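**Student:** What follows is each chain in one-letter form.
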Amino acid sequence: MQAEGFRRYVEPEIEVLLRVAHTLVGSADAEDLVQETLVRAWRGMDRFDGRHPRAWLLTILRNTNMNMHRRRRPDSVEDVADYANATPAFGIDPPSTEDQVMASFLPEDLERAVGSLDTKFRTVLLLIDVDELTYAEAADALGIPVGTVMSRLSRARDRVRQYLRPSFAAAHGGGQR
Amino acid sequence: MIRAMRMMVTCHWSARRIQRYLDSDPAALLDPSEIRRLEAHLAECDKCRAAAAEYRQINSALSRWAARRMPDPQSVTHMHEVVDRLVRGEMQ
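Protein chains in written order, with this note's numbering: chain F, 38 to 214; chain V, 6 to 97.
Please note that the accuracy of each hint is not assured.
[Unchecked claim] What follows is a set of in silico ranges between Cβ atoms, one per label pair, in the way DEER data are often shown:
| id | chain 1 | residue 1 | chain 2 | residue 2 | range |
| --- | --- | --- | --- | --- | --- |
| 1 | F | Met105 | V | Met13 | 27 to 37 Å |
| 2 | F | Asp86 | V | Glu44 | 35 to 45 Å |
| 3 | V | Arg42 | F | Met105 | 44 to 54 Å |
| 4 | V | Cys16 | F | His89 | 30 to 40 Å |
| 5 | V | Arg42 | F | Gln199 | 52 to 62 Å |
| 6 | F | Glu52 | V | Ile7 | 49 to 59 Å |
| 7 | F | Glu52 | V | Ser65 | 19 to 29 Å |
[To be verified] Selected chain F positions facing chain V (Cβ under 8 Å, derived; list incomplete):
| id | residue |
| --- | --- |
| 8 | Met38 |
| 9 | Ala40 |
| 10 | Phe43 |
| 11 | Arg45 |
| 12 | Glu48 |
| 13 | Asp166 |
| 14 | Val167 |
| 15 | Asp168 |
| 16 | Val183 |
| 17 | Gln199 |
| 18 | Ala207 |
| 19 | His209 |
FYI, nobody ran anything at the bench for these hints, they're computed from the structure.
Nothing here was measured: the structure is a model prediction, and the numbers come from that model.
C-beta: ideal position from N, C-alpha, C; glycine also.
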C-alpha cells in the first residue's frame, strides 16, 4: 500500500534529506527541495521496490534539484561560516577538552580551509564527512560515479591538509608527508 | 639504498590507501591482506602514521560540524506534516 510504504521507507529519511538539501542548496531553499522530493516520492511509490530507500530518495532529490527554478549552492565562504558556527543544537555537548587539545588546528582554520575549496570538492567533502553519507549515497545525491566521488573526496581532504600544513608542522615540530 | 627505495614504494602504495582504510566505506573496502600490509607499514613509518593522524583529526573536526548543524527542528516538523498531508490525500 502506498501510504504504508511511504511511512515505512520515506518518513525515516527526512532528517538525512534535509541535511543533504542544506549542503546542496543552502538553508533557505532546503525545505522547498525536500518538500518537492517528498511529493515526487509519494507519486513514485508504486515504482519503488523497497530496497535502498535512501539511495532512491537521494536520486529523486537530485533530479528535483535539477528541475527546480531556484538552485543556489553554498558557494561563499560566509555560507560555510554559517554552516560551521551554527548555535549548538539543544542537548548537543561542545567538543570535550580532550578533543580540543587533540586538534592541531583552530576551528576557524578548518573553516577557511574548507571554504577555500572549489565547490565540487567542497560539496563531496561536506556530504561525506559532515552529512555522513556513504560514497554510494553521495554518488546518488550528485549523479556521479562512486569513483568520481572518491577522487574528489581524496583531493578535497588533501587540499585541506595542505592548507593546514603550518598548523600541523607547528604541532609536530617538523616536516611531514 | 634498496631498503629506502622499498620504503618509498610502500609509502606511495600506503598513501593511496590510507583514506579508504580510515573510511571503511562499503563501496571501497581494502581486502584483509591490504589492511595487514598497510597496518604493518604504519607501524614502522612515522610520516605515513602522521598523515593518518592528520586525516583523522580533520575527519573528527568535520563530523563535529554535523552535531552543531542538526536540521532545524521546525523544518523536520514541517516535513512530517507534509508526509501526513500526502498520506491523507490532501496534497498533490
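**Student:** Compare the structure with each hint and give your call.
**Tutor:** Status of the hints after comparison with the structure:
Between methionine 105/F and methionine 13/V the CB atoms are about 50 Å apart, so this pair departs from the stated range of 27 to 37 Å. Take aspartate 86/F and glutamate 44/V: their Cβ atoms lie about 39 Å apart, and the range 35 to 45 Å holds. A beta carbon spacing of about 47 Å between arginine 42/V and methionine 105/F agrees with the range 44 to 54 Å that was offered as a hint. At roughly 38 Å, the beta carbons of cysteine 16/V and histidine 89/F sit within the given window of 30 to 40 Å.
Distance hint for arginine 42/V and glutamine 199/F: a CB-CB separation of about 26 Å, inconsistent with the stated range 52 to 62 Å. At roughly 55 Å, the beta carbons of glutamate 52/F and isoleucine 7/V sit within the given window of 49 to 59 Å. Remark: the range hint 19 to 29 Å for glutamate 52/F to serine 65/V is upheld by a beta-carbon distance near 21 Å. Against a cut-off of 8 Å between C-beta atoms, the interface hint on methionine 38/F is violated, since the closest Cβ of chain V lies about 10 Å away.
A cut of 8 Å between beta carbons decides the hint on alanine 40/F: the least distance to chain V is about 5 Å, and the hint holds. At a threshold of 8 Å, the smallest CB-CB gap from phenylalanine 43/F to chain V is about 6 Å, leaving the interface hint in force. For arginine 45/F, the interface hint is violated, since its Cβ never comes within 8 Å of a Cβ in chain V; the closest pair sits about 11 Å apart. Hint status for glutamate 48/F relative to chain V: holds, with the closest Cβ pair at about 5 Å, below 8 Å.
The criterion of a C-beta within 8 Å of any C-beta in chain V is met by aspartate 166/F, whose closest approach is roughly 4 Å, and the hint holds. At its closest, the beta carbon of valine 167/F sits 5 Å from a beta carbon of chain V; the interface hint therefore holds under the 8 Å criterion. Here the hint on aspartate 168/F is kept, as its CB sits about 7 Å from the closest CB of chain V, short of 8 Å. Annotation: valine 183/F was flagged as interfacial toward chain V, and the flag holds, the nearest CB pair being 5 Å apart, inside 8 Å.
Contact between glutamine 199/F and chain V, as hinted, is not supported at the beta carbon level, the nearest pair being about 10 Å apart and thus beyond 8 Å. The restraint placing alanine 207/F at the interface with chain V is violated, with a minimum CB-CB distance near 13 Å, outside the 8 Å limit. Because the beta carbon of histidine 209/F sits about 6 Å from the nearest beta carbon in chain V, less than 8 Å, this interface hint is met.
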